[in-house]
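Colleague: Chain by chain, the residues:
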Amino acid sequence: MTPEELIARAADGTLTPEEAAQLATACRGDAEMLRALAQHIATERLLHAVERDPLGHSAAQEIVLRLEQERVAAVSAPGFVPRVVESARRRVWLPRLALAAAILLFAGMGALFFKKTPPPKLDDVFVADGPTSVRAESPAAVAVLKRTVGVEWANAADAPATGEMLSAGWLKLRAGTVQIEFLGGARLLVEGPAEIRLDSEGAAFLQSGKVSAYVPEPARGFKLRAPGVDIVDLGTAFGFEVGAQQPAEVHVFDGAVSLSSTTTAPRELPAGKALRLDGQSFRDIPVRPADFPNGEALARQADAEGRTRAKEWQAEMTRLAADPATLLSYTFENETPWSRTVKNRTPRATDESHGALVGAAWTGGRWPTKRALEFRSLGDRLRFTIPERRDALTLMTWVRVDSLPNDYNSLLLPSQYVPGSLHWMLERGGELRLTMVSNPARTLFKDGWDGPVSGPAVSNMDFGRWLFLATTYDAITGTVTHYRDGQQIGQGKFTNRLGAVLGPVEFGNWGTDGTTPDTVWTRSQKSYQRTRNFVGRLDELTILARVLPPEEIARLYDVGRP
Amino acid sequence: MEIASAFSTSHESCAPAVLDMQLDADFHAGRESEKMHALRECLEELDGPARELIRERYADGASLDDLAARLGRKTSTVSMQLHRLRELLAGCIGQRLATP
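These protein sequences, in sequence, are chains P and E. Each residue of the first sequence is one higher than the last, beginning at 173 in the numbering used here. Each residue of the second sequence is one higher than the last, beginning at 2 in the numbering used here.
Everything labelled a hint here was simulated from the structure, so no lab data went into it. Among these hints, one or two may not hold up.
[Said to hold, decoys possible] Across the chosen pairs, the derived CB separations fall in these ranges:
id: 1; chain 1: E; residue 1: D67; chain 2: P; residue 2: M173; range: 19 to 27 Å
id: 2; chain 1: P; residue 1: T188; chain 2: E; residue 2: A99; range: 30 to 38 Å
id: 3; chain 1: E; residue 1: D61; chain 2: P; residue 2: E204; range: 30 to 38 Å
id: 4; chain 1: E; residue 1: K75; chain 2: P; residue 2: E190; range: 19 to 27 Å
id: 5; chain 1: P; residue 1: P722; chain 2: E; residue 2: D48; range: 53 to 61 Å
id: 6; chain 1: P; residue 1: Q194; chain 2: E; residue 2: S64; range: 16 to 24 Å
id: 7; chain 1: P; residue 1: P676; chain 2: E; residue 2: A99; range: 29 to 37 Å
id: 8; chain 1: E; residue 1: A99; chain 2: P; residue 2: R481; range: 52 to 60 Å
id: 9; chain 1: E; residue 1: S64; chain 2: P; residue 2: T667; range: 41 to 49 Å
id: 10; chain 1: E; residue 1: D61; chain 2: P; residue 2: Q588; range: 37 to 45 Å
id: 11; chain 1: P; residue 1: N611; chain 2: E; residue 2: K75; range: 44 to 52 Å
id: 12; chain 1: P; residue 1: E204; chain 2: E; residue 2: D67; range: 31 to 39 Å
id: 13; chain 1: E; residue 1: A99; chain 2: P; residue 2: S372; range: 54 to 62 Å
id: 14; chain 1: E; residue 1: D67; chain 2: P; residue 2: E190; range: 20 to 28 Å
[What the hints assert, rightly or not] Only pairs whose alpha carbons sit at most 25 Å apart, straight line, appear in this in silico SDA-like list of lysine to any residue:
id: 15; chain 1: E; residue 1: K75; chain 2: E; residue 2: P50
id: 16; chain 1: E; residue 1: K75; chain 2: P; residue 2: E177
id: 17; chain 1: E; residue 1: K75; chain 2: E; residue 2: G62
id: 18; chain 1: P; residue 1: K483; chain 2: P; residue 2: P332
id: 19; chain 1: E; residue 1: K75; chain 2: P; residue 2: H220
id: 20; chain 1: P; residue 1: K395; chain 2: P; residue 2: Q418
id: 21; chain 1: E; residue 1: K75; chain 2: P; residue 2: A208
id: 22; chain 1: E; residue 1: K75; chain 2: P; residue 2: P189
id: 23; chain 1: P; residue 1: K395; chain 2: P; residue 2: D371
id: 24; chain 1: P; residue 1: K344; chain 2: P; residue 2: D371
id: 25; chain 1: E; residue 1: K75; chain 2: P; residue 2: P175
id: 26; chain 1: P; residue 1: K515; chain 2: P; residue 2: K542
id: 27; chain 1: E; residue 1: K75; chain 2: P; residue 2: T188
id: 28; chain 1: P; residue 1: K618; chain 2: E; residue 2: E35
id: 29; chain 1: P; residue 1: K483; chain 2: P; residue 2: A469
id: 30; chain 1: E; residue 1: K75; chain 2: P; residue 2: T186
id: 31; chain 1: P; residue 1: K344; chain 2: P; residue 2: P461
id: 32; chain 1: E; residue 1: K75; chain 2: P; residue 2: E191
id: 33; chain 1: E; residue 1: K75; chain 2: P; residue 2: L178
id: 34; chain 1: E; residue 1: K75; chain 2: P; residue 2: E190
[As the list claims (entries may be wrong)] Just a few of them, taken from the derived set where beta-carbon distance is under 7 Å, the chain E residues facing chain P:
id: 35; residue: R41
id: 36; residue: L65
id: 37; residue: H84
id: 38; residue: R87
id: 39; residue: L90
Remember, predicted model here, so these are calculated numbers, not experimental data. Glycine residues also receive a C-beta, built at the ideal position from the N, C-alpha and C atoms.
Chain E on its own, in the form it takes in the complex (with noise of 0.2 Å):
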């Protein structure tokens, strides 16, 4: 996986660990299914370029510098755009979750 790949370079990250732990609590504790459910019923309320850039970026597996280019953004732009949604989904999801 990317993430963890990127994580693998660095000799005492915590990240990785961080990472593991939490996905292997959610799948313990059966949240994994439910948070991917939650995510799915927050994008349906996501539209316009919002829901274009994530499924550029996710579905069709663009790159940073890809989107940048078309956006006419610079890639770091892209990234903390990326970086916003991620935070709003994650709150999105979050809610989902508390209020079942």
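One chain only, chain P, in its complex shape (with noise of 0.2 Å):
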């Protein structure tokens, strides 16, 4: 039997005992043989890995019984490694591939006939970190809120946050002076007590209320009406007012507005007319600009109010910052342009838990005097210890989501894997969730996991504004929280109850050391689960080793928002 027979029934498994010797006997002597007969097996081990198991569930499954084996740890600096060598040979031929294979089969066989076989299915379901969401179709969007003043909703518990996508539907405003600016390019200033509806980017209905509108040129063509009228805008800006008790006024401060009644034809109003809508006409009266909301004075306020609200926030971190149980404090002020480190603001904090900042620039927070931390690129990253394990923990932080691309966004994940260690998520679907390691050895499977526990925190119409995302975590009794801008949005347990490690973290990203087994088997992948970069900002990040109840969280939202 020649040297390359034996080699090849060592890989096909069919080797009888006189041969495996032979073959010992051969490869000791012989460097090439010994190269020749590991490449072999080798690429049979894949094979059988691949083929078996086209998406490798199998092949994760030995890397973790490996693992478990604590076969790797044995291993240090092998002193033979064969490798796979290219010669000048093959990288001429290997672009041929698929025709050379074909000669091979062919030569001497003439044609062969093969019954098609299904490709394998997958009973077994690899489960890293568990399926990710879809995210609920929300109604599409028609305007953005952005600014509020003031403001007193009619319905709190509904009420649109500053910053947030709004879909075409009724806005009701106690008090208070909103910014709204549709998609269409209209922006609309809206003075309560106000009844307003949107109903598409170029229209609205005003029921109640005054109103300001800014219509630049490429929104010219906007709509908004009142009960018994309607006007056109012909690019210009103008002011309306809708009384329960008087009647109907528009006044035009630019441009032009077509205006009509349900008994009167259209007519045209220039800049510096108003017209007060009498029973059945339209009357002359004075313009009155200064009885409108104005959007440089809405700016000053919203301005002034945002720097009252930022200093009330401050006192509000420096109180929490000196909780005995907060183990880190970021909050993004004082911080200079140039600064690549993150300060943790706690009396506590010790020095690996000042993070230290890879890619992410410095950029606009929640108020004008306020920095934050921008996410966009696939590095960027924040990266700090919190060594301990914990049986309480309370993560806090508000962010901007810009938008979600991965399956898996991260907040926090951790860069090694201990019984306890988190990640703390954001799913494509727009689901807040938490998973923790159990078993370290079994993280591509289910069992080496608790969770996940998940609540919808993210919209469509969520995206690129400010967000206050809470998740807390109890050991004792193995319950996980979710929040969102104060209110409870999922809740959970963990059964095996174990203590939170953080350890070494990164917000924002996925920076494994590489030998836990699910970031193998990620790295394997095109794109399934690999990438897990945050995009959007990062305003202030806060980690307490107790469990915060929901009114305290509330209650910070409340103190937070912008």
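Once you've looked at the hints, go ahead and assemble the two chains, each given alone in its own frame, into the complex.
Modeller: Rendered as structure tokens:
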């Protein structure tokens, strides 16, 4: 039997004991043969792994088993590393792999007839981190709530947050002023009390209240209607007031509008003119711009309000940083633009708890005076270490999610696994999710994890606005609770009730040391689950070693909301 | 694993040690997953009888004797065909790893 046949049979697994002895003797004195043998066996093994299981499940399982056997730890700097050698000869024919294979098989074989075999079915579902959710279909946005000043909503529970996308529907204001930017380009300042219905990207209906409309050229044709009155903008700025007790008034500050009522023919109203709908007809009245909300004044007021709120928030943060349970308090204040470290503001901060910035750039935060970090590129991250195991934990952050491009988008992900390591992430579908490693050697499988516990946190209407996300964990009861903007959005239990460990972690990315089974696994994948970078802004991050009660989280949202 | 068990019959076999070292080294260097990834890509380039042969052998787990009977060839011929295909694929993997 030739050496080649011996190697073939070795790889096939059909060696007799005599042949095995023959092969052993032959390869001992022949490095080239040894190399060829190792290569064939390795390829055979890979073929089994890949073909039985094109997605690599069993291979992944094997990796886990190998870890469990702790053989990796036993191997140190192997002296003999057989390598697949690429020769110049291979380089020439490799691009024609299929052709080469065909020639090789057909030579002297004639036509082959193979039965068609269906691809293997995979019963064993790979669950490195469990399935990800699909974002619920939200109604299409028509506008953005750009600014609010002294606002009091009729229905506080359902109140939109500043920066939030607005879908078609009613907005009811008891007091204050809001700035609404329609996706079509028109900008409305609405002064409460007011009830306005957003109809589309270029139309609204004012039931009552006072508005100023600014309609730039691209938004021309914006329609504002009221009971009995239609206004079509002709590129302009105008004021419109509809009261329960008094007749509707239209004041044109700039440009022109086309005005019609149910009883009158359309007429054009130029700048500097105002009309009152008196019964069935329009009557000329003096124009009064000062009576209507003013964009510049609103911006100034919003600014002043923001400064006041920022001061209140600062005081709250100082108090929170002093809380004996606070492990980490990143507020991103007083950081210089060139600073690449982030200060942990708790008095007990350890050196390793100050954050190291990679990639992420400084940008504007919730308030004009406030800084935040922008995460945009694949590599952007904020690294720090929180040592020790905790029986109680509260994770809180103010973020602006700009998109959720990955199956899992990192909030906090650990660089090393121990029992109790946490994955705090946003799923592609917008769910806020917490999972915990229960068995580091089994993280490729469901039984290596506790959780997931998740709750709906981000809809596509929330992209681009500031969100307050919080998650608490109580190891005594195993309870995980998720909050969004101070409201509970999900709760569940970890059955193993392990103490939580952060250790070396990253906000906004997944910088593992590359040895955990699921990172070994995900690295072999083209895209699935591997990339987990967060895309958006981070304005505050707080970690406490106690479970904050719901009312405290609601209060912190209230103090912190922009 | 059948390969390893085949070798375990040999008293002074060098092969299991080589195999273990290679596999551990691959895993330790994180190359195991890279190689699997490369092999998947290489297999995508294959089609026709070669692809079918590999599928029958590795996905369906057909024995060499089964394959030989179906193809009307000698078992040793099928063994050598698989040997050549492994060589081809190993070359392809090496090529892909060398040119990231």
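Colleague: Does P/H220 lie within 25 Å of E/K75 when you go C-alpha to C-alpha?
Modeller: Distance ~23 Å between E/K75 and P/H220 Cα, so the pair holds.
Colleague: Please check whether E/K75 and P/E190 have a Cβ separation lying inside 19 to 27 Å.
Modeller: holds, 20 Å
Colleague: Is the hint on E/H84 kept, meaning its closest Cβ partner in chain P is under 7 Å away?
Modeller: holds, 4 Å
Colleague: Verify the proposed pairing of P/K395 with P/D371, using a straight-line Cα cut of 25 Å.
Modeller: Roughly 10 Å between the alpha carbons, so the hint for P/K395 and P/D371 holds.
Colleague: If I claimed the Cβ atoms of E/A99 and P/S372 lie 54 to 62 Å apart, would that claim hold in this structure?
Modeller: holds, 57 Å
Colleague: Regarding the pair E/K75 and P/E190, is the alpha-carbon distance no greater than 25 Å?
Modeller: holds, 21 Å
Colleague: Going straight from one Cα to the other, do P/K344 and P/P461 come out at no more than 25 Å?
Modeller: holds, 24 Å
Colleague: Evaluate the given range 52 to 60 Å for the C-beta pair formed by E/A99 and P/R481.
Modeller: At roughly 58 Å between Cβ atoms, P/R481 and E/A99 fall inside 52 to 60 Å, so the hint holds.
Colleague: Does the hinted range 53 to 61 Å hold for P/P722 and E/D48 at CB?
Modeller: Cβ of P/P722 to Cβ of E/D48: about 60 Å, so the range 53 to 61 Å holds.
Colleague: Does the Cβ distance between E/D61 and P/E204 fall inside 30 to 38 Å?
Modeller: holds, 33 Å
Colleague: Tell me if the beta carbons of P/Q194 and E/S64 are separated by a distance inside 16 to 24 Å.
Modeller: holds, 23 Å
Colleague: Is it true that the CA of E/K75 sits at most 25 Å from the CA of P/T188?
Modeller: Holds, at about 18 Å.
The structure agrees with every numbered hint stated previously.
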